[in-house]
Amino acid sequence: MTVNVLKEQPLVQIKQLKQYYNEGTRKEVKALDDVTFDIYAGETFGLVGESGSGKSTIGRAIVNLYTPTDGDIIFDGKSWSQRQSRKSKLSFNKEVQMIFQDPYASLNPRMKVNDIIAEGLDVHQLVRNPKERTERVYELLEAVGLNRDHATRYPYEFSGGQRQRIGVARALAVEPKFIVCDEPISALDVSIQSQIINLLEELQAERGLTYLFIAHDLSMVKHFSDRIGMMYQGKIVEIADSDTLYSEPQHPYTKSLLSSIPLPDPDYEKERQRITFKPDGNFFNPSNQLVEVEPNHWVYQ
Amino acid sequence: MNELALSVKDLTVSFQTFAGKLHALRQVSFDLYQGETLAIVGESGSGKSVTVRSIMGLLSKNTLVEKGEIRFKNQNLLDYTDKQKEKIRGSQIAMIFQDPMTSLNPTLNIGSQIIEVLEKKRAMKRQEAVEEAINLLDLCGIPNPEERITQYPHQFSGGQRQRIVIAIALAGDPEILIADEPTTALDVMIQAQIIELLKKIQEEKQMTIIFITHDLGVVANVADRVAVMYAGKIVEIGSVDDIYYHPQHPYTWGLLTSMPTPDLEGKLYAIPGTPPDLLNPPEGDAFAFRNEYALAIDFVQEPPFFEVRPNHYAATWLLHPKAPSIEVPEKIKERYNHFEEKIKRGDIQ
Chain A
222 MTVNVLKEQP LVQIKQLKQY YNEGTRKEVK ALDDVTFDIY AGETFGLVGE SGSGKSTIGR
282 AIVNLYTPTD GDIIFDGKSW SQRQSRKSKL SFNKEVQMIF QDPYASLNPR MKVNDIIAEG
342 LDVHQLVRNP KERTERVYEL LEAVGLNRDH ATRYPYEFSG GQRQRIGVAR ALAVEPKFIV
402 CDEPISALDV SIQSQIINLL EELQAERGLT YLFIAHDLSM VKHFSDRIGM MYQGKIVEIA
462 DSDTLYSEPQ HPYTKSLLSS IPLPDPDYEK ERQRITFKPD GNFFNPSNQL VEVEPNHWVY
522 Q
Chain B
61 MNELALSVKD LTVSFQTFAG KLHALRQVSF DLYQGETLAI VGESGSGKSV TVRSIMGLLS
121 KNTLVEKGEI RFKNQNLLDY TDKQKEKIRG SQIAMIFQDP MTSLNPTLNI GSQIIEVLEK
181 KRAMKRQEAV EEAINLLDLC GIPNPEERIT QYPHQFSGGQ RQRIVIAIAL AGDPEILIAD
241 EPTTALDVMI QAQIIELLKK IQEEKQMTII FITHDLGVVA NVADRVAVMY AGKIVEIGSV
301 DDIYYHPQHP YTWGLLTSMP TPDLEGKLYA IPGTPPDLLN PPEGDAFAFR NEYALAIDFV
361 QEPPFFEVRP NHYAATWLLH PKAPSIEVPE KIKERYNHFE EKIKRGDIQ
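So the protein lines, in turn, are chains A and B.
Per this note's numbering, the first sequence starts with residue 222, numbered consecutively.
Per this note's numbering, the second sequence starts with residue 61, numbered consecutively.
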């Protein structure tokens with residue numbers, strides 16, 4: 222998938238972001254340690270790493286759920302500290318939305334689908350009367366491949382894939398520019414995963430959305446993203462466009478992760494050699510940083 | 061092929077629920093041969109777990125086994141009393157569960173969880189059992205087993221916990237090991253390690269394994285034979301080469317093409333719709349409503365198994381001699397070409 226990416230216009234800039242928990246105590250955790258990257262308007266930026274690598278922390282930090290320990294998250298030209306008033310938080314929430322991993326936990330079981338989807342419309346006063354509200358909900362349901370009858374039902378009446386579609390409709394309701402997709406398909410069955418991925422691709426083409434796609438399934442991230450950032454222990458170890466990262470990985474961790482992915486091809490599987498990665502003293506060297514080894518290909522070294 | 065280790069015939073199981081009768085398994089039949097790994101793949105609700113739980117005798121109270129038999133050593137396991145089942149479980153057929161966080165007892169140290177099995181199932185004395193437990197932990201790749209044997213589950217990482225679960229399963233020295241999604245809760249790299257461990261154990265102990273998963277990548281790595289399940293039925297079964305390079309059922313095609321491969325350009329194939337409601341299974345073929353290649357008969361009558369090659373069977377009317385010929389998806393054609401090459405080279409008999 223190629224999108225015309227305007228390289229000179231980052232929509233989101235993450236600058237030396239640090240997110241520490243239990244700072245200064247024995248239990249200090251560096252969830253994010255000096256993370257820097259840009260997300261350009263109209264692109265899909267994939268973020269990959271194992272559990273605990275900090276990929277979800279980045280997603281949550283971007284949607285303003287945390288106070289950064291240090292560093293900055295610049296969205297649309299405005300730095301984090303400029304966006305903390307009540308008013309600008311509200312307008313920020315209209316621009317940035319999130320789709321969650323677990324479609325069972327992320328929908329309020331006591332609310333009907335139309336109220337779930339329209340909550341954003343009400344908060345941001347995007348509709349003037351109930352009729353307009355209903356119309357908008359119908360439009361959104363149809364946009365995500367559900368139908369009008371679904372508006373008056375409760376979440377428990379839907380399958381996992383359908384619930385994830387409701388989650389997508391809710392995110393789209395306020396017409397955001399940017400959507401953080403935090404493992405949106407990992408709780409779904411294989412045959413449903415591709416439906417949701419195709420839906421997200423269609424919506425991006427129609428509406429010019431920008432995505433941050435967080436996942437641990439590297440094959441799917443490679444298919445869906447324009448560029449990929451590889452995370453390990455709170456650091457980004459490699460950034461490249463998705464084809465390059467896949468065909469010419471540079472960092473030993475990326476190589477190791479790529480060599481661990483099983484593919485649906487028994488003959489390839491028989492040949493596959495797994496490369497193991499053990500972080501040595503070199504990895505933790507404090508003078509390490511992301512270095513541009515070739516244009517747009519950054520490696521932590 | 062080797063000797064038969066276990067044989068499931070016509071197994072039909074339903075659950076009595078408040079909403080009515082749920083047809084969980086519909087005439088499931090397969091053979092398991094000694095020393096092989098049979099993978100059962102399918103989506104959630106397709107009946108993979110119910111199948112192995114029937115074998116283990118772990119079905120809940122509201123379950124009704126309507127028909128069928130599970131033959132193990134010339135006995136029907138379904139006729140066994142609870143006491144007889146108890147004897148089989150662990151010592152002849154053992155099981156590994158998906159989530160290592162919940163399948164270990166958090167209040168007992170890992171040593172006593174392994175020793176319990178050794179004392180009960182293999183009548184070992186305490187000292188002998190402790191030594192064997194250390195050996196098992198070592199075999200399963202836990203470093204410093206002598207020290208760690210007194211530690212509790214929370215002191216281990218997710219991957220290590222799954223290794224401990226495997227050690228417990230091996231403690232009874234079973235002939236058949238059932239692994240129910242053993243790597244689904246783990247990261248890719250840990251997953252690779254656990255799979256390597258299971259393969260090593262199989263080689264050393266000549267174990268027969270049933271491996272349940274929904275990940276076709278993992279199956280390609282571990283399996284000798286594959287059974288594909290859909291809506292409580294096996295729709296296709298064959299060797300790993302047959303299923304990956306010569307698949308016949310449109311559902312298998314859908315599964316194989318809906319996974320992204322590194323060289324994929326353009327849109328990902330998606331199987332339309334959702335699996336059927338097993339409270340009211342549709343008439344005819346349960347997959348017909350999602351099947352682009354469905355024939356008129358699919359909506360009326362369920363297809364029987366057709367033999368594609370020896371030991372490769374698929375339940376689709378497309379294999380009937382009178383069925384119209386259809387255009388196989390491009391990605392599947394590539395797989396067919398690979399299959400023909402393998403036959404020419406003599407890699408497949």
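Keep in mind that the hints were calculated from the coordinates and are not lab data.
Some hints here could point you the wrong way.
With a cut-off of at most 25 Å between alpha-carbon atoms, the simulated DMTMM-like pairs for lysine to aspartate or glutamate come out as follows [claimed, not checked]:
1) Lys-402(B) - Glu-378(A)
2) Lys-499(A) - Asp-323(B)
3) Lys-265(B) - Glu-490(A)
4) Lys-81(B) - Glu-492(A)
5) Lys-260(B) - Glu-490(A)
6) Lys-491(A) - Asp-323(B)
Residues on chain A that point at chain B, a partial pick, calculated with CB under 10 Å [to be verified]:
7) Gly-273
8) Gln-303
9) Ser-306
10) Ser-415
11) Gln-416
12) Glu-422
13) Asp-462
14) Thr-465
15) Pro-473
16) Ser-481
17) Ile-482
18) Arg-493
For every residue, glycine included, the Cβ atom is placed at its ideal position computed from N, Cα and C.
Each hint, compared with the structure:
no., hint, verdict
1, Lys-402(B) - Glu-378(A), "violated, 48 Å"
2, Lys-499(A) - Asp-323(B), "violated, 29 Å"
3, Lys-265(B) - Glu-490(A), "holds, 23 Å"
4, Lys-81(B) - Glu-492(A), "violated, 47 Å"
5, Lys-260(B) - Glu-490(A), "holds, 16 Å"
6, Lys-491(A) - Asp-323(B), "holds, 19 Å"
7, Gly-273, "holds, 9 Å"
8, Gln-303, "violated, 37 Å"
9, Ser-306, "violated, 40 Å"
10, Ser-415, "holds, 4 Å"
11, Gln-416, "holds, 4 Å"
12, Glu-422, "holds, 7 Å"
13, Asp-462, "violated, 14 Å"
14, Thr-465, "violated, 12 Å"
15, Pro-473, "violated, 12 Å"
16, Ser-481, "holds, 4 Å"
17, Ile-482, "holds, 6 Å"
18, Arg-493, "holds, 8 Å"
Against the hints set out earlier in the document, violations occur for numbers 1, 2, 4, 8, 9, 13, 14, 15.
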